[in-house]
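Asks: Both chains are sitting in their own frames, so use the hints and assemble them into the complex.
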Amino acid sequence: MSEIVWLASYPKSGNTWLRVFLANYLNNGEKPANINELNVGHIASARNSFEELVGVEASDLTPTQIENCRPMVYRLFAETNSETMFLKVHDAFLNTSAGETMFPAAVTRGVVYLIRHPCDVAISYAHHNSHSIDRAIEWMNDESHTLAGRQDGVNVQLEQKLLTWSKHAHSWLGSGLNCHVIRYEDMLAQPHETFGAVVKFVGLDYDTLRLQRALEFSRFEELQAQEQRENFRERPPRAPNFFRQGKAGAWRETLSVDQVARIVDAHRDVMQQFGYLDEKGNVL
Amino acid sequence: MPFSYTAFGLTISSELELAELLAHDAVCDVTIQFGNVPENLDSPTGRGVLYQVTPQQFLLNLPDTARYLVAHGDSILIERAPNAPDNQVRLYLLGSVFGALLHQRGALPIHGSAIETPRGAVIFSGPSGRGKSTLAWEFQRRGYRHLCDDVSVVGFDEQGRPIVYPAYPQMSLWADVLDKQKYARADLRPVHSELQKYALPTRESFNAAPVPLFAVYVLYPVNTDTLEITPLKGLDKLQILTANTYRPRFMAAMGKRAQHFQLATNAGKFIHTRKVVRPVTPFRLQELADLIEKDWAT
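Listed in order, the protein sequences are those of chains A and B.
The opening residue of the first sequence carries number 1 in this note's numbering; numbering runs sequentially from there.
The opening residue of the second sequence carries number 1001 in this note's numbering; numbering runs sequentially from there.
These aren't lab readings, by the way, just hints derived from the structure by calculation.
These figures come from a predicted structure and were not determined experimentally.
Where a beta carbon is used, it is the ideal one built from N, C-alpha and C, also for glycine.
Be aware that a few hints might be false.
[Stated by the list, open to error] Residues of chain A clear of chain B, computed beta-carbon distances all greater than 12 Å:
hint	residue
1	A46
2	E51
3	P63
4	T64
5	Q151
6	G196
7	V199
8	E234
9	R238
10	R244
11	V264
12	D265
13	E279
[To be verified] Over the 10 Å line for every Cβ pair with chain A, so calculated as not near, a few chain B residues:
hint	residue
14	Y1092
15	S1096
16	P1127
17	W1174
18	L1195
19	P1210
20	L1235
21	H1272
22	V1280
23	A1289
[As the list claims (entries may be wrong)] Sample of chain A residues at the chain B side, in silico, Cβ under 7 Å:
hint	residue
24	N48
25	L53
26	V54
27	V56
28	E57
29	S59
30	C69
31	V73
32	E79
33	V154
34	V156
35	Q157
36	E159
37	E230
38	N231
Same shape as in the complex, but just chain B (with noise of 0.2 Å):
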């Protein structure tokens, strides 16, 4: 009897148990089963060094780990290698592996943690590095609730308004991170048994239900001491939204550019986006976050 679970917005029937999604009874969107998956696929028209894509399919490889194939944006397969354990095996498949899925779906997934607030869900989005979780992190503990983290799945409402689809309850947040804010990490669950990066569980902040999108806040670290806010116009905004997508070249490989190009202009009339300058360190975590709720409000 498969498991059954939410997550971006997806129904899904899964083989493999997945603690960190929400379950759920419902037809289902996505079936992930295990069985034997090809070391390579027929005519890629992309490739890297862990993944290889078809216009229909995608497949990655993580040498003693798993190898997952994903198709037609309704069905993942893994192979498992042996002895590879399950955190593992699942740490890749909420990751990359949903993240192709998303681009064979057509949606826009972005690589940004996301809340809630007030005027609607606002992403924190940016290369990795940059301080999206330990953002999002921040605004939890403040109260918001909490929407995704590092990847933000942005659909559209009837209406055709961008809408948040919630992914699942958990961020991942490294050691420094939890250590700088004295929290205590002996109870977590590193993500992955050789990396001192923790899974923080957001059951009871989280939010399942999917929420208007208001604002993207990009965060660019650099050399300076000061804070600073800057909202983007125009070409701007549209440039933010594709450069700040998460896997870019799985969805140009499947040959999604001019699609996305559209879902990321109809997103762009209707949000906010913002440049979002701050000290490589020190973080100045605080100020940082009183500074954008205060952009936000107004």
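Chain A with its partners taken away, still in its complex shape (with noise of 0.2 Å):
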């Protein structure tokens, strides 16, 4: 029997970068993890391993049916590992149609949630996805927005509905899991101490020349020259690369007035919560 740390997020907000980091750290090797290779933060929606532990074809559930299985296929995961288990989810923290917690307190031990300032959340969202920043705004004002949601073919990932950008947020926050919040700006700016505080939340031995490794072996310009050299597998099809910029404030030279302004007036509350917003309205 393990527990489950869920590495949760809204698309596009340091979910990968964590991962890389936590491969390094548990890994402990002598040159970087392979990107390609990451053996810790499987996405919790990842259909074959779903299909392994249902017994049936997803695509032969409906999305109702798919989600009413998930909780247990969580208590499964854990049942059957001695470890403790990373798994990566995009997923808002919602109840199933059956009343159940799609993600089940009895098998958590905690909730890693990443936060980034959404207005540059857009501009990589968009980038993602190959559409507009606009649409990439609309997606994050929606609240029946989803990914991997088509219903006529088969997707490579079940359904996952993310809500709006601020409710994701409350969601897991509030969903009386014991979460740890980090901000992708502190990930950039205070590494050591954001990284090394989610070592610690999480139960890893704390050591310091191990993180300050972990954390050269998963520097931003060290993943960017891993896909230079092959490609991500995670990378969309559509996306020339996956591992762009890897910096925070980019909406100043990106957004118009008008765009900056629609996301304020969507998520002021939660943009206020994490200081990217200050009591005066202006954007920080």
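Replies: Have a look at this one:
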């Protein structure tokens, strides 16, 4: 029996970066972990592992049936593993139609919730999906936005309901699970403190040298270099690259005043809560 | 009076009409009956969300559809839920339930769709969503005979060479695949009333006789622009057969790992295995089919 640490975030908020760091920290190897062989933080909505544990094809089940099977899948994951498992999640924290929480407290060790400035998320999400920034802002403001939600064909992943950008954050932080929030901006500006706090939160042995090396091996330049040498298998097919800028604050040069206003109008509270908006309403 | 059919190399006597299967008159290997199915098995050696396994029994529970009990490789008992549509009861029966029965019988079911080529049977394999049925359908339209959809049962002839037993004359295809090929789906039956996945009958192009297995092509959609076919040898070959076995957890919980490994080893001695890399999107179906056709011809 093991427990699960959920690496939860809205897309494009540093989740993959955190997984690369954890892979390097856990491997504790002499060279950087290969981004195409990450053994940490498989996505909770993967189809194949779901099918194996459920016993029938996901494509022979309705979205409601799939949703109702998911909590039991995670209980089985925990039951059949002996070490703490890290699972990446983009789903919002929701109840299934059968009334259970999708991610059961009984097998949860904790949640690392990653949050990033929504104006930067909009740019990165647009790029990721090869769509306009306006479209990405619409998605972030749309309560019914889903990933892998197509109904006329097969998806590599199970359907994930995201809610809006702020409701996503509310859902996890109000889940009652033990949550540790990290900001993408702090991962960049204070990597030691931010990643070090994650190591402690998830209950891994804290070792400064090991932390130092894992940070070195998961530097943005390293990830970008690996992606240039060989394709990153998690890159969306239409996007030229996955590791694009790895910066904070690009929105200042990229977004129009109107685009920023649409984001602020929709997500004021959560932006304020996490220091992306001051009391006077200035975007930080 | 039960119905009599043949599928997966077995003769089947069934109280449930199975319109998908070919009719047959002969002594039966498997009986399918309606009756009371328990909610749980005693001391299961393995379980999943919807199934439980013991060395001799397998239970599948699809809420609002049916519970299925498979025993000793020769009987299937079905307890249907009130008002469960027939097609849904059949959908899981012809998939996971038969998969479990085949494992109980010690067969080697591969997760893949099969066609007959001049060189022998070819299986397109891989986890779901990789384009197995789409590719088999393309070859069926090119005039090759259809053998299996989604599950391909490998058995052995008297000389110990692997053969593929035909399943039944139907392919399941998603709306987007049919639409892309401009196939009118108005007349097709959905496999499930709430899913846009359709049953495409292949009776006219179906080969009902076992065919020696020639090759297994395992599909890998990746972020690439290229199509690439690589032959696999030695341990890789064995690994690909075990990794693409249909529902390996059922088999493992039945205590059949060693036997299964032996079957895969025996099959591996006689067949070709290929890793097929294709772009995630676009599928490039025609080009891929051309390439595979060339590959087995040489």
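Asks: For every hint, state whether the structure bears it out.
Replies: Verification of the supplied hints:
1. A46: Given a closest Cβ separation of 10 Å, the condition is violated.
2. E51: E51 (chain A) is in fact no farther than 12 Å from some Cβ atom of chain B, at 6 Å.
3. P63: Not fine: 9 Å to the nearest Cβ puts P63 (chain A) too close to chain B.
4. T64: 9 Å, violated
5. Q151: It is violated; Q151 (chain A) is separated from chain B by about 6 Å at its closest Cβ, not greater than 12 Å.
6. G196: 33 Å, holds
7. V199: 31 Å, holds
8. E234: Non-interface label fails for E234 (chain A): nearest chain B Cβ at 8 Å, not farther than 12 Å.
9. R238: 7 Å, violated
10. R244: 15 Å, holds
11. V264: 35 Å, holds
12. D265: 35 Å, holds
13. E279: 45 Å, holds
14. Y1092: Y1092 (chain B) is in fact no farther than 10 Å from some Cβ atom of chain A, at 6 Å.
15. S1096: 5 Å, violated
16. P1127: For P1127 (chain B), whose nearest Cβ neighbour in chain A is about 5 Å away, the distance does not exceed 10 Å, so it is violated.
17. W1174: Violated: least Cβ distance 4 Å, not greater than 10 Å.
18. L1195: 7 Å, violated
19. P1210: 25 Å, holds
20. L1235: Consistent with the label, L1235 (chain B) stays out of reach of chain A, its closest Cβ about 19 Å off (over 10 Å).
21. H1272: H1272 (chain B) clear of chain A: closest Cβ-Cβ about 25 Å, beyond 10 Å.
22. V1280: With a cut-off of 10 Å, V1280 (chain B) comes too close to chain A, as the shortest Cβ separation is near 4 Å.
23. A1289: 19 Å, holds
24. N48: Result: holds, 5 Å to nearest chain B Cβ.
25. L53: 5 Å, holds
26. V54: Check passed: Cβ of V54 (chain A) comes within 4 Å of chain B, closer than 7 Å.
27. V56: Where the cut-off is 7 Å and the nearest Cβ of chain B is about 5 Å from V56 (chain A), the hint holds.
28. E57: With a closest approach of 5 Å, the E57 (chain A) hint holds.
29. S59: 6 Å, holds
30. C69: 5 Å, holds
31. V73: Since the shortest Cβ distance to chain B is 6 Å, the answer is holds.
32. E79: At about 9 Å, which exceeds the 7 Å cut-off, the nearest Cβ of chain B leaves the hint on E79 (chain A) violated.
33. V154: 4 Å, holds
34. V156: 6 Å, holds
35. Q157: Violated. Min distance 9 Å.
36. E159: 13 Å, violated
37. E230: 10 Å, violated
38. N231: 5 Å, holds
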